[in-house]
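K.L.:
Construct the entire structure; sequences and hints are all you get.
So you can see what is in the structure, the chains are spelled out below.
2 protein chains.
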Amino acid sequence: MLSNMPNSSSRATTSPAMLELARMLASCDLKVTRPRLAVLKILKNSTTPLSVQELAAALPPLPTINGVTIYRILESFTERGLIRLVNLRHNHLDYELVERHDDHHHIVCTKCGLIEDFYGCGASKLMSAAIKNSRHFATVNEHSVELFGLCKHCVKL
Amino acid sequence: MLSNMPNSSSRATTSPAMLELARMLASCDLKVTRPRLAVLKILKNSTTPLSVQELAAALPPLPTINGVTIYRILESFTERGLIRLVNLRHNHLDYELVERHDDHHHIVCTKCGLIEDFYGCGASKLMSAAIKNSRHFATVNEHSVELFGLCKHCVKL
DNA sequence: TGGTTAATGCAACTTACTTGCATTTAGAAT
DNA sequence: ATTCTAAATGCAAGTAAGTTGCATTAACCA
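Keeping their order, the protein sequence lines are chains G and X. If you read the first sequence in the working numbering, its first letter stands for residue 19, the second for the next number, and so on. If you read the second sequence in the working numbering, its first letter stands for residue 19, the second for the next number, and so on.
By construction, these hints were calculated from the structure, which means they are not laboratory data. Any given hint might turn out to be false.
Heads up, the list lumps identical chains together, so a pair's fine if it works in one copy or across two of them.
Lysine-lysine pairs mimicking DSS-like chemistry, simulated, CA-CA at most 30 Å apart [stated by the list, open to error]: (1) K150 <-> K174; (2) K170 <-> K129; (3) K174 <-> K143; (4) K62 <-> K150; (5) K174 <-> K129; (6) K49 <-> K129; (7) K129 <-> K150; (8) K150 <-> K170; (9) K62 <-> K129.
P.N.:
Structure follows, in C-alpha cells:
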C-alpha cells in the first residue's frame with residue numbers, strides 16, 4: 019500500500035529515502051502526503067533541532083505548503099511521538115525527530131548557540147530513583163537532558 | 019539603600035519578604051521597582067513554573083503593569099540568571115526562579131500535567147563525562163533534566 | 001535634594017498562531 | 001482500475017503574542 023505515493027502521477031522518483039519517510043508516517047497511522055513528507059524530510063536531514071520558522075524556511079518553495087498546514091503537521095507529529103519539542107535556551111522551542119532508542123541529548127553553547135549531540139545519559143537509574151522517592155507518580159518513561167556550557171571557541175573570548 | 023522602596027510614599031508595608039525580593043534584585047544589579055517586585059514575588063511564591071500568561075494573570079490588577087513591561091522584565095531577569103525557561107512539554111516554555119544550588123528538576127505527568135519537583139540528579143558526573151567526550155566544548159556548567167511519566171491518578175485511567 | 005540614566009507606559013506595529021469552511025486527496029473497498 | 005469517505009490541505013479571516021520607538025516617570029547615586 020506504500021506503492022501509492024503522493025505525486026505518483028508525477029515524475030517523482032520515490033527514492034528509498036522517501037520510502038523510508040513514508041514508512042515512518044504510515045507506522046504512526048499518518049496518511050502519507052506531500053506536505054508531511056516534506057516536513058519530515060527536513061527534520062530527518064537536519065543536524066539540529068529546528069524552530070517552526072527555520073523549518074518553514076527550509077521547505078521547498080514550490081509547490082508551496084500553507085503555513086496553517088505546517089502547524090497542523092507539527093501538531094500531529096508531536097501527538098504521535100514522531101517529533102518532540104526541546105528547549106535549548108534559545109528563547110523558543112525547537113522541533114526534533116524522536117529516535118527509537120531515545121537517549122539523545124544536547125550540549126549547547128550559551129554564547130554562540132552551537133549544538134553538539136550526546137547519547138546515553140544514564141537516566142534509567144535516575145528514573146527508577148525518582149519513581150521510588152516520588153509522592154505522586156506511578157511511572158516515569160521519558161526524560162530530557164540538556165547541558166549548557168561554552169564551546170572551545172567562545173571560551174577564549 | 020534598600021530602605022528607599024518603591025511606593026515608599028504609599029501605605030506599603032515593606033515586609034521582610036519584600037525586603038528579600040528587593041535584595042534579590044539588587045544583587046543582580048537590577049533596580050528595585052514595583053513591577054519587578056510584583057513579577058518576582060509571583061515567581062517566588064509559585065509552586066510550579068509559569069507561562070507568561072499565567073504570570074500576567076497572577077499580577078495584582080491595580081496598579082496595572084503594562085504587558086510590554088512584563089516581557090522586558092522577564093528578559094532582564096533571564097539575562098541576569100534570576101529566572102530560567104523550562105520545557106515541561108506543555109507546548110510552551112515556562113518561567114521559574116533559579117535557586118542557588120540549582121539541581122532542581124521536575125517530573126511531569128504527560129496526561130494531566132501534574133508537576134512534582136525533585137532535587138539532585140547526579141549530573142555532575144554526566145557533565146564531566148560529556149566534556150571529556152565532547153569534540154567542540156570546553157566547559158559545561160549548567161544542565162536541565164526533566165522526567166515524564168504518569169501520576170498515580172492518571173495511570174489508572 | 002536634585003540629576004542622570006534606566007525602567008515603565010502607551011500606541012502602533014509585526015509576527016505567531018488559530019478557526020471555520022470549502023476543496024482536494026490518501027487509502028480502503030469494490 | 002474506480003469509487004467512496006474520512007482526513008488533510010488551502011484559503012480567508014481573525015485573535016493573540018510579542019516587538020519597537022518614543023515620551024514620561026522614577027530609582028538611586030552624588
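K.L.:
For K49 and K129, with the copy left unspecified, which applies at a CA distance of at most 30 Å: within, between, both, or neither?
P.N.:
between (41 Å within a copy, 25 Å between copies)
K.L.:
Checking K62 and K150: alpha-carbon separation at most 30 Å within a copy, between copies, both or neither?
P.N.:
between (36 Å within a copy, 28 Å between copies)
K.L.:
Quick one: K150 to K170, C-alpha cut-off 30 Å, is that within a copy, between copies, both, or neither?
P.N.:
between (39 Å within a copy, 13 Å between copies)
K.L.:
Should K174 paired with K129 be assigned to within, between, both, or neither, using CA atoms and 30 Å as the limit?
P.N.:
within (11 Å within a copy, 45 Å between copies)
K.L.:
With 30 Å as the alpha-carbon cut-off, assign the pair K129 and K150 to within, between, both or neither.
P.N.:
Result: close only across copies, 20 Å inter versus 37 Å intra.
K.L.:
Cα distance capped at 30 Å. Does K150 pair with K174 within a copy, between copies, both, or neither?
P.N.:
Between. Shortest inter-copy distance 18 Å satisfies the 30 Å Cα cut-off; intra-copy 43 Å does not.
K.L.:
Between copies, within a copy, both or neither: which fits K62 and K129 at Cα up to 30 Å?
P.N.:
both (26 Å within a copy, 27 Å between copies)
K.L.:
Is it within, between, both or neither when you check K174 against K143 at 30 Å Cα-Cα?
P.N.:
between (36 Å within a copy, 24 Å between copies)
K.L.:
Please work out whether the CA atoms of K170 and K129 approach to 30 Å or closer within one copy, between two copies, in both situations, or in neither?
P.N.:
Within one copy only: 11 Å inside a chain, 41 Å across chains, cut-off 30 Å.
Against the hints set out earlier in the document, no violation occurs for any number.
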